[in-house]
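So you can see what is in the structure, the chains are spelled out below.
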Amino acid sequence: MSAPDPVSPLRFERTTGDVVEVTARRGRTRDVVYAGRARDLPLPAMGEAIWSDTFVAASTRPDRWWIIGPARAPAETAARVSGLLGTGAIVVDQSSGFETVDLVGAGWREALTQGCRLDLDPAIFTAGQAAATTIAQINVIMIPHPSGLLVLIPATYAQHFREWLTHLCGESHS
Amino acid sequence: MSGPTRIGSGLFEQSSAPVRFRFDGRIYSGRAGDTLASALLANGVQVVGRSFKYHRRRGIVTAGPEEPCALVTLIGPSGREPNRPATTVPLTEGLVAESQNRWPSLRFDVLSIFGALSRFLPAGFYYKTFMWPSFAWERVYEPLIRRAAGLGRVQPSRSPPASSAVTQHAHTDVLVVGAGPAGLSAAYVLGSAGLRVIVADQDAILGGGSALDPDWHAWRSALLGLLAELPTVRVWARTTVIGAYGHGVYGALQTLPVGPTPAGSQPTEKLHVIRAASTVLATGCVERLIALPGNDLPGVMLAGAALRYLVGHGISAGHRTLLFTNNDDAYATAIEYARRGSPIEAIVDVREYSPAADRARGAGLTVYASAKVEAILGDRAVRAVRVRNREGERLTLTVDCVLLSGGHTPATALAAQLGAELRWSSSMAAFIPDLSPSIGQVAGSAHGVCGLAAAVQDGISAAQRIAETLQLGELATPDFPPMPPDAPRADLEPCWEITGKGKAFVDLQHDVTTADIRLARREGYEHVEHMKRYTTHGMATDQGRIGGLVGNAVLATARGIDITEIGQPKARPFLETVPFGALAGEESGDRFKPKRRLPLHDWHTQHGATFVNAGLWLRPLVYSADTSWNTVMAEARHVRREAGITDVSSLGKIEVAGSDAGAFLDFIYANRMSSLAMGRCRYGLMLREDGIVLDDGTVARLGKDHFLLTTTTVNATVVLEHLEFHRQTLYPQADVTITDVGDHWAQFAVAGPLSRAVLAEVVEELDLSNETFPFMAAAGARIAKTPGRVFRISFSGELAYEVAVPARHALSVWSKILELGEPLGLKPYGLDALNTLRIEKGHVTGAELNGQTSANDLGLGRLCKTVGDYIGATLARRPGLQGGQRLELVGLRPTDSEQRLRNGTHLLDSENPTASLGYVTSCTPATEQVGWVGLALLSAGHSRVGQRLLAASPMHNEAYDVEIVSPHHLDPDNIRVRA
Amino acid sequence: MLRILCPHCGVRDETEFRYRGDATTARPAADSGETAFARYVYDRANPKGWHAEWWIHVAGCRAVLRVVRHTVTHEIHSVTLPQAPFDIPVDAR
Ligand SMILES: [Zn+2]
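Chains as they are written, first to last, in the numbering used here: chain A, 1 to 174; chain B, 1 to 979; chain C, 1 to 93.
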């Protein structure tokens, strides 16, 4: 487990992005995955994440994906994803349903042992993976990347979660 | 001069600078590195508490968490913390502690009269004496017993500050419990192989037995240094594993060092929740007492504790000391006392011969072999002992301190929780645990291994056995520092009790004597679990660790059976006292549960809303600090007369899509959904499989294969799970996708006769006229330039719409509607007004959907499909749910319009008011009429409409007449909603 | 605390799951009548020993899982998806 790095204190930023929930219809998973691969929206396997220039695609449920991209006009991202993936996919705009928070700083793994029940050892959980779990009693999506962790928090819990994170980051500085 | 005193410096001493502390109001001085117990001993304080039942004077008996007597209350900035063993409290500057269970003071305890009455206070005394008359229990006996028999007092005020404890989750390959030679060695082997290892030890000083043996100091520091260099090994001192919870989960409580920052502002305890693939229990042994008359006098201490106080803290427990033992290990204490010049009067050993006795004689000590101590004499403290020697002569020796050692019992509590098999070791006279290899290994003295070098070897082989179970192959054994060999030794000879005149204690904390154990057996409590409960032997903070086996042995002797047949009481968490605050961790106060906030939370706050907790939600109750009916009714009447807007974003919202969605919803809902036309909404009623109503809401068909469901706020997660469960178990092959969109959409109800005019100002791409957008219509539209949805549904009974927009745009849309609507008369309204409006209309919510009402009971039976299967279809038709005397939904109003209603008021037949016929579920002042209206669940209620009943609330001393009416107090023909 | 091996997510704490009762029973056909449904809704074997139960991974993949668990030792024999075959061991204890 990496020790907290005094040079880069733990901090977090709210990022305004669009979130789309994609589900392959019964029996259409292969169609959807092929369509994504062909159109520059590769869809990862369960428990994994793919980072590309335009989107982050993560899967924390079988046959389902979270597509996270830059904020656009309402429902525009969803419409674009739907166009790419075709009729085999049910595409639902969740841009307002989640707040995305980017937690950066070397100490994030150690800090999150308060409240997160997953094994955060870098040998176990690292960039390229994704997990749905509970942090501080809130169901969240965790997507680690080389310099930190992207967290998707249900929007109505987001303020509570941010207050909890602020408390946590403050503690890790002291 | 007598009593304990400091005769030199100790290994655990961090500096000789004085550390001042307060005990029972007096100021004392100790040293950094002391525990509260060692500091009290160093100051010659011999009496630190009164016993539980007889209020006898008690001193410090042990040097660890097994301490039965020296319990204190710590008084800190965050409050009083009772029942802490002084033996585990690190001494800190300014520490304040009080003794317990004495009144009014430790020196003069009025209740010690109980000691004089002791022959009237046998085991089971409370049960037998205070049985009759029953009223006296509550008024007389219980307060008396509580005052007399309590341990420390819990702080009556609120819990400590939220920051006093944190919870941390940990994952490891192996958890090693105990940092003695066996535990450290196992950790070194496992950690050297790259496995993740957590070593937890309850002690501040790591090393177990190696910390107290000067010959082992070099080995100990070398090994701790090697472990510190292993990146995958974490070693936690002051960390007690408090319980095993199955599946490799352990709880461990770590006491954090108190830093220089102001007390109370940083956590003092950390609760580790550890998940381990395997475990090494190197938990060591607990020394046990010998039951003999006077064995509870201040001045009696266990031999191992005395060694620790001497080597660790430079404290001699007495000026003239006698050791009474049945084993070799205790000799180390006597030899060390003599070496440091603290006189040893004699060693009394029940055995005939041991190599240790030869070593002691070689050091110039007197050893009485094949002898015993018959009684410890003294009134306020140890004064002398009466010894019976090999020849049968009685000698009285004047001493001020008696060290006892009845042998060593492996600490089995954790192993027992893990389902360990226990085997009897005759060389230790104790049960030794063996774990199932799938759970872990026991190692060291807890495993029945004697000697530190042998413990090292046992730790190494435990590590290898774990590697084998985890299928890692044989691990390379790293180079260990050199270690001294173990001295030759002889087995102990069991010595549980020396019978004689006077009380011989087996449980010092609860004042349980050998006589109590025998009494329990005579009265039929001969099973070890029954004896425990009858006598309280082995209960409470110390769990009887130093005398538990002794008491069981006395019971076995009394029953005439072998001790191996007696069994062990079941061990459960916790292994030591755990403050509630440490279990709560940060989940207290504001962080007890997460709070859910509406997308418009800040707007509501800025506009003066008073919030109410509704489940996890914070919802605006009324837009005023004044929550009286006046303000609520002003909001509600405004909706009836003009128009209001309210935030209903907390409703559950679920999208169901796919070609089988309609059929699936027909199965989920009691009424038909597949026939719903596109662009239309329908009221939906869900039953449970037992025929009772689960939830209600609306279903809108947004596309051919696309439905949007709403649920009540409280049932949002329940309904989502209900859908997913049936989808996954009963419709696995169906083309149905369920997506929770509750947080994505903000939703507002705009209600009142002017609502159409208001919305016409902001809605584009949709004609709101009755012709094109009638009651129960649904459509996409732009609302204040934002793409969203409009539904013509009404919960208030007025002409009303609900508009939905993505929550990110909630504020701009809501603000725009109000900006354009206000000139037309639009005002916001809160949850209380919403409730008033729905009660008048006769809509049901949680009070009526209470998990006991059927569709028929609620007057909704006509909605249920008569053909086709759906959840609850069969059992909803069973006879027990039909008519009869079931509680059915009705409306009611007092005949006297001045009379208010109250929820929970019972309804009775005024001619024969002997049984409740039902009760008021919801009520409110009426908006347009004078007086109150309500909803009730009433026996055979539908047939009672028009009757007069008596409404009674004895709690409020109220009884008055009510008229039973239709629940639809307002607009029963739905003229308003269709306007 | 149970640690349940979700076939999708890996081993997770019990707190991530919601318990949903007996997984040994199957919903009767629609026309089976009240007695069959009453048995389905109310009759429970409540075994001391091996038992199959529904646990929903609500904080993870949201899969409904059939967990075969020993009600005394808490040992878990298998965790499977609803349509997968399952067996309930015979308890030798
Ligand atoms: Zn899962």
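Simulated from the structure, these hints should not be mistaken for laboratory data.
Check before you lean on any hint, since a few could be wrong.
[To be verified] Stretch by stretch, here's where chain A covers chain B in the computed footprint (C-beta under 8 Å, at least three residues):
hint: 1; stretch: 168 to 178
hint: 2; stretch: 594 to 601
hint: 3; stretch: 651 to 665
hint: 4; stretch: 742 to 753
[Unchecked claim] What the simulated footprint calls covered on chain A by chain C, stretch by stretch (three residues with Cβ under 8 Å from a Cβ of chain C suffice, anywhere in the stretch; the number is not a length):
hint: 5; stretch: 56 to 67
hint: 6; stretch: 149 to 162
Glycine included, each C-beta is placed from N, C-alpha and C at the ideal position.
Status of the hints after comparison with the structure:
no. : hint       : in the structure
1   : 168 to 178 : holds (count 4)
2   : 594 to 601 : holds (count 7)
3   : 651 to 665 : holds (count 3)
4   : 742 to 753 : holds (count 5)
5   : 56 to 67   : holds (count 3)
6   : 149 to 162 : violated (count 0)
The structure shown violates just one earlier hint, number 6.
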